[in-house]
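Chemist: Please work from the sequences and hints to get the whole structure.
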Amino acid sequence: MALENSSMSDRIANQATGFSALRGKISFIDLMQSVGLLAVILLGCAIMSVMSPVFATVRNIENVLQSATIIAVVAIGQTFVILIAGIDLSVASVLVLASVLSVGLVNFYGWSPELAIVAALAAGMGVGLVNGLAVTKLRIPALIATLATMTIARGLAYIFSGGTNIAPVPKLFVELQAGRIFGVPAVIMLTIVLAVIAQVVLSRTQFGRSVYATGGNPLAARLAGINTERVIIATFVISGLMAAIAGLLITARFEAGAATAAQGLELAVIAAVVIGGVSLFGGEGNMGGMLLGVILLGLVQNAVNLLNVPPNWDSVVSGLVIAAAAALDVYRRKYLEAGMRKKVIATKASKPTKPS
Amino acid sequence: MSALESLVEDRPREVLVARGLTKSFPGVLALDNVDFDVRSGEVTALLGENGAGKSTLIKLMAGFYAADRGEISVDGKPMHADPAAAHRIGVATIHQDAHLVPAMSVAENIMLGRWPTRYGLVSVNRQRQRALDALARVAPHLNASTPAGRLSPADQQLVEIARAISEDSKVLVMDEPTTSLSPPEIDRLFGVVNDLKAKGLGIVFVSHWLEEVFRIADRVTVLRDGRLVGTRPISELDHDKVIRMMVGRDVRETIAEARPIGDVVLSVRNLNRDNVLSDISFDVRAGEIVGMSGLVGAGRSELAACIFGIDPYDSGAVEIAGRQIAPNDPKAAIEAGIGLVPEDRRRQALVSLLSVRTNITLSLLERVKSWGFLSITREEEIAAREMKALAVKAPSSRTRVSTLSGGNQQKVVLARWLARHPKLLILDEPTKGIDVGAKSEISELVLRLARSGMGILLISSELPEILSLSDRVLVMRSGRIAASLPRSEATSETIMSYATTG
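Chains A and B, in that order, are what the protein sequence lines are. Every position in the first sequence, counted from 1, becomes a number in my numbering once 33 is added. Every position in the second sequence, counted from 1, becomes a number in my numbering once 1100 is added.
Check each hint, because a few of them may be wrong.
Said to hold, decoys possible - Sample of chain A residues at the chain B side, in silico, Cβ under 7 Å:
#1 A246
#2 G249
#3 A253
#4 R255
#5 L256
In case anyone wonders, no lab produced these hints; they're calculated from the structure. By construction, the Cβ of each residue, glycine as well, lies at the ideal position given by its N, Cα and C atoms.
Modeler: Shown next, in the form of structure tokens:
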């Protein structure tokens, strides 16, 4: 439909300057969350390097990143779910379930380690599918649906493992933990690869675009022909899969099918995602910001350890960081709206005079 | 003081005075220098076409909005823009749908937020007593301990009125109070209104139904395009005069030109939806612009929602170019060749966080895919082409759509559908909330699309828009098609008459 038009273009010019000025402001504010986060991280690193001789060592940094990988992998899946304005509380339980399955199926039932890993991943996706169906077909709020599966999955993990950690682990896991690619620990590389794939899916596929649209405005997405229910289900399945992968990582790290690990991990993950600028209202955020959020939380933890802060204070500090990030998010929204209002007033002023 | 009182006693006294009210929203001037008075012991009907500014005026009186200019005073005291302040100063507003807490009892709802306390605890007895006092005046048949959610809409409304009375309100604003009521319930409501009037309350009554206005009102205030047309005693008016005040200006001549009309593209057959639509049948042909007029709540948007598969219907069929399309599946409707520009573009069409480009390509993502990945170049091409064709004013295709003006946002929604070349385009209030310049651009565009052979279903509350563009006008009333008027017979008066009476 090539619709030529000349009569409309004359009014473009007088608004263009106002627009570009506003646009500059908006992209600045948009960037603020990521850039601000990066700045905080760098500043924190600088301060820590001065205050603790141990901090700026390769060993310590590697340690920080390595312990961040588990949260990061879970957070990749959680980001998908939060982008559609959902939440997944079941991730820590899924992680534990996958962990005990990956070891237990080998040790108790003589499965091959590879098959056990596939089963563990399938279990994670299965829980995600249940979550997705509960949220879309039964219309149970995500918070409640995943609270239920969180309890169920943790229970199943205990039943399967007998409530204790299962050891020894197949050699595969030991190799994974010890492995290095280009000198970088393999688990860190794996996490980066997963995050990159996730980001490409988000920004460059029809599915990813549908995720943003569904989260940003589910009604509009549906009216544009997007099957929003299927999108929502898929995000929960991804979250289950990522949690199961993190379960394999934790198996490698602890060298055990970790039945009792990851208590409260879901909250740390949600916190990291939100600090990373992924909006709990859906439709906004990306993997880069999320990773920064994970790193910031990891650094806080590390700083608390290195500076010999009494151990329980780390929760207090983490809580303050979360609150600050959430406040920044709200402030950013307000600023955006104020910017829009200013633009409207400017447009009004440039309009032909009304009879008064 | 007493002398003054006796002087004004016999004639109604202005209890609420609004002077020079001006209020604008993004892209629209909703109220322009409007004066409005409410007198105690009188019912003032507030009338106007959809979008004339009634709702804005009501929300100003209820304290929801602050006026850009002008002020409202009640008994000489200026009102602040705050719902709580409006209540304190004596203005109670009954909205179209009841604002009650469903799980709370009638008594608690009547005393909502003002629960009488003793030693810091809510005193159930005093609450009940005060609620009963108010109930006795408007709805003696109600039980004070019933949860409000279990009441009928009519009774819920009476509870709201009881709340207003218990607050010693001086002014009661009723926004289309009769929409969800049956005739006997309306009679009862009018009994209550007359009773309150006799007790000296000033009442503002908003209704689209002129019969009701003539039954209950003492004075009529008419708004049009955000401006005051006038206030007259009801005795000086009749049905036709009121319609003329509402419609106003002589509507400009039809600009629709003779176009080749092709085959039927949309055929709706005996469409029924419980309580919403009954027995709707009509056709839209290629190249034809069918206007759909009617009051808010007549079922026009609901009909569009059924055709486009947003809502299910109970019986009937929707066919596009002779092929029946599956109900309740927007994707099927889109693939069959329907495009919908919905009434509320921010809620129903745009993802405000996303860019102009992504909003345009949202319904044609499968066309910009290659090897499973979205081709940003291809997307950019489509977006640039459509933005140019519709003259969308935006700094770039990457700009967030929420930062655009109303008219440009609407063009983005249009662009999304035009890129798909639909057979039928449904436009629901396409010029709502956009400025005059963009309005005429959209009108021209509609004509051009029809000329290119697209069937257009144009739902609009703006009579000039309907009259100037339509080849045929369907008038809806209470979920039915009340009239199908060829262009020669469609005038503001006939349309308004079919829409408001019968």
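Chemist: Hint by hint, note whether the structure agrees.
Modeler: Verification of the supplied hints:
1. A246: OK, holds: A246/A within 7 Å of chain B, min 5 Å.
2. G249: 4 Å, holds
3. A253: This interface hint holds because 5 Å falls under the 7 Å limit.
4. R255: Given a least distance of 6 Å, the restraint on R255/A holds.
5. L256: Holds. Min distance 5 Å.
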